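In the order they appear, the protein sequences are chains A and B. Each residue of the first sequence is one higher than the one before, starting from 0 at the first, in numbering that gives the first Met the number 0. Each residue of the second sequence is one higher than the one before, starting from 0 at the first, in numbering that gives the first Met the number 0.
Don't take every hint at face value.
Said to hold, decoys possible - If you want the footprint, here are the derived chain A segments under chain B, 3+ residues with CB under 8 Å:
| # | segment |
| --- | --- |
| 1 | 119-133 |
| 2 | 173-180 |
| 3 | 332-339 |
| 4 | 402-414 |
The set of hints was computed from the structure by calculation and includes no laboratory data. Note that the structure is a prediction, hence the values are computed from the model and not measured. Each residue gets a CB set at the ideal place from its N, CA and C atoms; glycine is no exception.
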Amino acid sequence: MDRRTFLKTTAAAVGGAGLGLGPMRGALAQTGPIKIGLLAPLTGVIAAGGKEVVEGFQFYFEQNGLELAGRKIEVIVEDDASNPDTALQKARRLVEQSNVNFLVGNILANTGLAVANYVKGTGTPYFIPVIAADDLTQRARIPNVIRIAGYSASQNSRPFADWAYKQGYRKVATISQDYTFGHEQCGGFAQTFTELGGTIVQQFWHPLNTSDFSPYLGQLAGLGIDAVFAMETGADATRFAKQFASFGLKGKLPILAAQNMTDQSVIRTLGPEAEGLVSAAHFCEGAKEPATVKFVAEYEKKFGILPSIYGFSHYSGAMWLAEAIKKIGGKVEDKDALLKAVRELELSGSPLGKTVKLDAYGNPIYDIYIRKVEKRADGKLWNVPVETYPGVSQFWKYDPETYMKQPAYSRDFQGIKKA
Amino acid sequence: MSSVLSTASRTSSPRTTAIFFAGSVALLAILPAVLPTYHVSVATQILIFGLFAMSIDILAGYAGRTSLGHGAIFGTATYVVLYGVANAGLPLALAIPLAVVAATLLAAIFAALAIRTTGVYFLLLTLALGMIVWGICLRWSVVTGGENGIRGDIRPAFIGDARSFYYVTLGCSVVLTWAMWRFIRSPFGLTLSGIRDSESRMRSLGYNVSLHLFIGFVMSGVFAGLAGALYALFNNFVSPSTVALTQSVTGLLMAIVGGVGTLFGALIGSFVMIALENFVSFYTQRWLTVLGLVFIFTMIFAPAGVLGTIRVLRARRQG
Numbered sequence: 000m001d002r003r004t005f006l007k008t009t010a011a012a013v014g015g016a017g018l019g020l021g022p023m024r025g026a027l028a029q030t031g032p033i034k035i036g037l038l039a040p041l042t043g044v045i046a047a048g049g050k051e052v053v054e055g056f057q058f059y060f061e062q063n064g065l066e067l068a069g070r071k072i073e074v075i076v077e078d079d080a081s082n083p084d085t086a087l088q089k090a091r092r093l094v095e096q097s098n099v100n101f102l103v104g105n106i107l108a109n110t111g112l113a114v115a116n117y118v119k120g121t122g123t124p125y126f127i128p129v130i131a132a133d134d135l136t137q138r139a140r141i142p143n144v145i146r147i148a149g150y151s152a153s154q155n156s157r158p159f160a161d162w163a164y165k166q167g168y169r170k171v172a173t174i175s176q177d178y179t180f181g182h183e184q185c186g187g188f189a190q191t192f193t194e195l196g197g198t199i200v201q202q203f204w205h206p207l208n209t210s211d212f213s214p215y216l217g218q219l220a221g222l223g224i225d226a227v228f229a230m231e232t233g234a235d236a237t238r239f240a241k242q243f244a245s246f247g248l249k250g251k252l253p254i255l256a257a258q259n260m261t262d263q264s265v266i267r268t269l270g271p272e273a274e275g276l277v278s279a280a281h282f283c284e285g286a287k288e289p290a291t292v293k294f295v296a297e298y299e300k301k302f303g304i305l306p307s308i309y310g311f312s313h314y315s316g317a318m319w320l321a322e323a324i325k326k327i328g329g330k331v332e333d334k335d336a337l338l339k340a341v342r343e344l345e346l347s348g349s350p351l352g353k354t355v356k357l358d359a360y361g362n363p364i365y366d367i368y369i370r371k372v373e374k375r376a377d378g379k380l381w382n383v384p385v386e387t388y389p390g391v392s393q394f395w396k397y398d399p400e401t402y403m404k405q406p407a408y409s410r411d412f413q414g415i416k417k418a
Numbered sequence: 000m001s002s003v004l005s006t007a008s009r010t011s012s013p014r015t016t017a018i019f020f021a022g023s024v025a026l027l028a029i030l031p032a033v034l035p036t037y038h039v040s041v042a043t044q045i046l047i048f049g050l051f052a053m054s055i056d057i058l059a060g061y062a063g064r065t066s067l068g069h070g071a072i073f074g075t076a077t078y079v080v081l082y083g084v085a086n087a088g089l090p091l092a093l094a095i096p097l098a099v100v101a102a103t104l105l106a107a108i109f110a111a112l113a114i115r116t117t118g119v120y121f122l123l124l125t126l127a128l129g130m131i132v133w134g135i136c137l138r139w140s141v142v143t144g145g146e147n148g149i150r151g152d153i154r155p156a157f158i159g160d161a162r163s164f165y166y167v168t169l170g171c172s173v174v175l176t177w178a179m180w181r182f183i184r185s186p187f188g189l190t191l192s193g194i195r196d197s198e199s200r201m202r203s204l205g206y207n208v209s210l211h212l213f214i215g216f217v218m219s220g221v222f223a224g225l226a227g228a229l230y231a232l233f234n235n236f237v238s239p240s241t242v243a244l245t246q247s248v249t250g251l252l253m254a255i256v257g258g259v260g261t262l263f264g265a266l267i268g269s270f271v272m273i274a275l276e277n278f279v280s281f282y283t284q285r286w287l288t289v290l291g292l293v294f295i296f297t298m299i300f301a302p303a304g305v306l307g308t309i310r311v312l313r314a315r316r317q318g
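When you get a sec, could you build the whole thing from the sequences and use the hints?
Pasting the structure below:
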């Protein structure tokens, strides 16, 4: 092919692609398919998690058929590129061009917050099984944004603090990535722990993608603390666990890990250094509930890996939506009815094996597991339950309205009670 | 390359430009009537980024200084508008001028530090300065909201829908494009082109080269800031990715694809990049690869960019 022919064919191909877009518009009758816009980071920093978001969500429909209440289900996947500007643009496209009935997904809080701000204006229902930013179901909640099958960041660390106090820990330091998700998880822990009578000796905040933890590890070793609360995600979690072990601290200083630090997405890449890590979460892949065992086995058979929080949450999210859509006879065009059905649903068939429902603010109430990383018979690491805290809401034991009068957790406000 | 550049930028007579300009505006004005809503918002984005890329082209094409810090200037304006309206409760009419002032000041700081360097040193210095701004936006979370950024419904209700905001953006674009065009064709703007072609000759003719470059940089920052303020209204949201290096690179690539030193080419580049991103990603997840190929082919077959090549070809035909 010479240069000219090449240019011509390229131009023809590009032109043809452009023309193909025309017929895509047009209003949809109520009898058409139910269109779901699924936003997931398929490229960028959290692409591995994004893949599991899509797999988990589609896995439910593969098992149960792509039809609800007589209407076909069409899942349109868009890549948010782990970037809030892109997420916003893709959300716009799903709503305005693809005419989806509602949006689901996103992983990173900043992408979720950007999309939430957009749907506030359009009224499009938006469901967030992973976005944990506290305020989306607290102070800055939006009626059409619901956290189905997800959790709010500080929710799990409160029972964890209670458990830690009961283990006899009195002096704890925290180390965390320096962004909102970290501030909120540490805040939940620090507030509950100090209110029980414990002390937060020091808090370390390090930038995302820290490659060398030795300055922090050296300080941690010298603080004379009983345990350290560590909030790390992704590659930081892997590096922290490895360096903590090679620093000789493993076995001497107990780690209380945020749930994402011992999530499958992290520990499937780790070895002995992860064994014995304790964390708190609503999902525990090693739990003995028959529903959990069944889900984990099916998921592993299909994808060859144990489900992470991303896969689990979007599988459950899909189930939650499917149940709600069945209840309203597939009439998803009625946004208010859809939101009401989702909000009032009590989900009994989820992989958790327990009935899950939302609190009045759109966040699920869970039985929280205290879990420990153990080696399974075949050598794979997984989390197994140690203890259960039943019925934990995002407000722990506080009165919601009183609680929301205190500011949102940040670096400067951790809810620490002065002794 | 530099001879191609000068041909590209010199062969537009004011009259053809005026006709071309009026035609384009007329075409753009009827767009919302035929396009669905989503495409109107894409068109709005193209205009905003076109302005941004043009502001980069003022420096890259006319003063011969390729900046990688303009994303930071653009994004600073976006931050100031959102912070001002959503967090500090200022009226929009005050926040926008403040944003432009902030962008101008930032441009002045960048200019003062970078203007004595050329080529790759200028590139690196502006890159570093831009990264500092990005770092501040990421870490100063009390003010900037850190990773999560700042959100708020700052766009007034009367331009709330996509179509009316498109017309606002179009109006601003017409005025600003005209202003930039006047700027580069003014006697002062011509001295910038002179500096690009030969700094030493301009110096020996008695021009204060550094001062001229400084003013050129600051003016380009003013335009980038105005585009950034529009972007704040468009998105109702800002996060560190708006001030990040990729933003600067995107703007520069738009200018290059359209044709460095053609000013209006930047708009074409913005159209090519945003349209490609939107339409190709509809069909494949590998749209970034497609975009990369487009750049490679542009560099091989049309190194002067789309508009630059058209002008070169026309000049050749006229002999």
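A quick look at each hint next to the structure:
Chain B is given as covering the segment 119-133 of chain A, and this holds because 3 residues of the stretch bring a CB closer than 8 Å to a CB of that chain, at least three being needed. As drawn, the segment 173-180 of chain A meets chain B at 3 residues by the rule of a beta-carbon pair under 8 Å; at three or more, the given contact holds. For a cut-off of 8 Å, the count of residues in the segment 332-339 of chain A with a CB near a CB of chain B stands at 0, and the three-residue condition is violated. Three residues within the 8 Å Cβ limit are the bar, and the segment 402-414 of chain A against chain B gives 3, so the coverage statement holds.
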